[in-house]
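Those protein sequences? They're chains A and B, same order as listed. Residue 103, in the numbering used here, is where the first sequence stops; the numbers in between run on with no holes. Residue 176, in the numbering used here, is where the second sequence stops; the numbers in between run on with no holes.
Keep in mind that the hints are not guaranteed to be accurate.
Claimed, not checked - Covered, in the sense of this in silico footprint (three residues per stretch, anywhere, with C-beta under 8 Å from a C-beta of chain A), are these stretches of chain B:
id, segment
1, 38-45
2, 68-75
As the list claims (entries may be wrong) - Now the stretches of chain B that chain A is said to cover, found in silico as 3 or more residues with beta-carbon under 8 Å:
id, segment
3, 19-31
4, 133-142
In short, the hints are calculated from the structure, not lab data. Every value quoted in this text rests on a predicted model; they were computed, and no experiment measured them. Even for Gly, the Cβ is constructed at its ideal location relative to N, Cα and C.
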Amino acid sequence: MTPLSAYLLVAALLFAVGLAGALTRRNAVLVLIGIEMMLNAANLNLIAFWRFGAHPEQLTGFLFAIFSIAVAAAEAAVGLALVIALWRHTRSVNLDEQTRMKG
Amino acid sequence: MSWVFWVLAAITIAGGMATVLVRRLVHAALGAAAAFAGLALLYLSLDAQFAGFAQLMVYVGAVTILILFAILMTQSGELNQPEGLKKAVFSPGSFWGLLLAALVFAVLGFAVNNSQAALAVATGASASAEPTATVASIGQALVGNYVLPLEIVALILTAALIGAVVIALHEKGEAQ
Numbered sequence: 001m002t003p004l005s006a007y008l009l010v011a012a013l014l015f016a017v018g019l020a021g022a023l024t025r026r027n028a029v030l031v032l033i034g035i036e037m038m039l040n041a042a043n044l045n046l047i048a049f050w051r052f053g054a055h056p057e058q059l060t061g062f063l064f065a066i067f068s069i070a071v072a073a074a075e076a077a078v079g080l081a082l083v084i085a086l087w088r089h090t091r092s093v094n095l096d097e098q099t100r101m102k103g
Numbered sequence: 001m002s003w004v005f006w007v008l009a010a011i012t013i014a015g016g017m018a019t020v021l022v023r024r025l026v027h028a029a030l031g032a033a034a035a036f037a038g039l040a041l042l043y044l045s046l047d048a049q050f051a052g053f054a055q056l057m058v059y060v061g062a063v064t065i066l067i068l069f070a071i072l073m074t075q076s077g078e079l080n081q082p083e084g085l086k087k088a089v090f091s092p093g094s095f096w097g098l099l100l101a102a103l104v105f106a107v108l109g110f111a112v113n114n115s116q117a118a119l120a121v122a123t124g125a126s127a128s129a130e131p132t133a134t135v136a137s138i139g140q141a142l143v144g145n146y147v148l149p150l151e152i153v154a155l156i157l158t159a160a161l162i163g164a165v166v167i168a169l170h171e172k173g174e175a176q
């Protein structure tokens with residue numbers, strides 16, 4: 001196994017774990033954590049490709065990952081504010097109980 | 001691959017698994033912190049020091065604390081009771097979610113194992129160890145080629161800050 005494919009496999013496994021968390025947990029906060037984990041797995045891919053790529057001196061994948069971290073931080077703040085607003089309205093963060101928009 | 005990589009990968013994946021599987025929410029958040037810290041160490045092992053320390057500060061320092069605050073604010077206390085712990089933490093259709101995640105991992109792993117690019121790069125000369133991202137070069141790239149994305153990220157962060165405060169504020173007419 002080459003170093004690049006080892007890093008890519010770890011990122012794929014982390015993405016799958018995050019996806020499983022986002023799809024199976026009932027708590028809204030844990031769904032957000034799962035989404036964050038998927039974003040982090042993508043960042044690991046970007047940095048691994050930057051490190052083992054043809055032109056690491058151009059810093060493209062590296063800066064892509066830095067910007068992605070910044071956007072993910074903003075997303076986490078807004079997502080948690082939404083969870084708190086949901087809690088204030090319905091006194092529950094259990095996603096299975098949020099059926100107000102169900103047809 | 002050195003043993004350092006495997007230890008870090010094991011920490012990261014174990015943290016992620018703990019986040020998904022553990023019943024108590026605070027323990028799940030701590031598992032997420034372990035996964036984020038393991039990822040930061042993986043970045044360091046990839047000679048990306050700046051990204052590693054940014055990951056440590058942003059995720060382990062800020063996002064985990066935010067998540068812990070949200071968990072503590074939205075917890076009704078029932079999860080700490082013995083009967084609350086017996087309630088299901090997975091949604092009813094969780095089998096299909098697990099199946100979909102396993103399928104996604106199978107497809108990604110198949111693609112990685114059969115990719116020509118991964119093989120070609122690893123046999124080339126670029127896999128040698130030389131750190132290329134100094135802080136000076138990152139700064140010059142940020143204010144040179146990437147100044148427009150930098151400004152947009154600043155705008156996004158400001159908008160997210162204001163938006164988060166507005167969303168989480170008390171609404172008018174609501175009982176305090």
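Now the hints, each set against the structure:
1. 38-45: With 3 residues close enough to chain A, the hint holds.
2. 68-75: Held - the segment 68-75 of chain B has 5 residues with a Cβ nearer than 8 Å to chain A, which meets the minimum of three.
3. 19-31: With 5 residues in contact (Cβ-Cβ under 8 Å with chain A), the coverage given for the segment 19-31 of chain B holds.
4. 133-142: holds (count 5)
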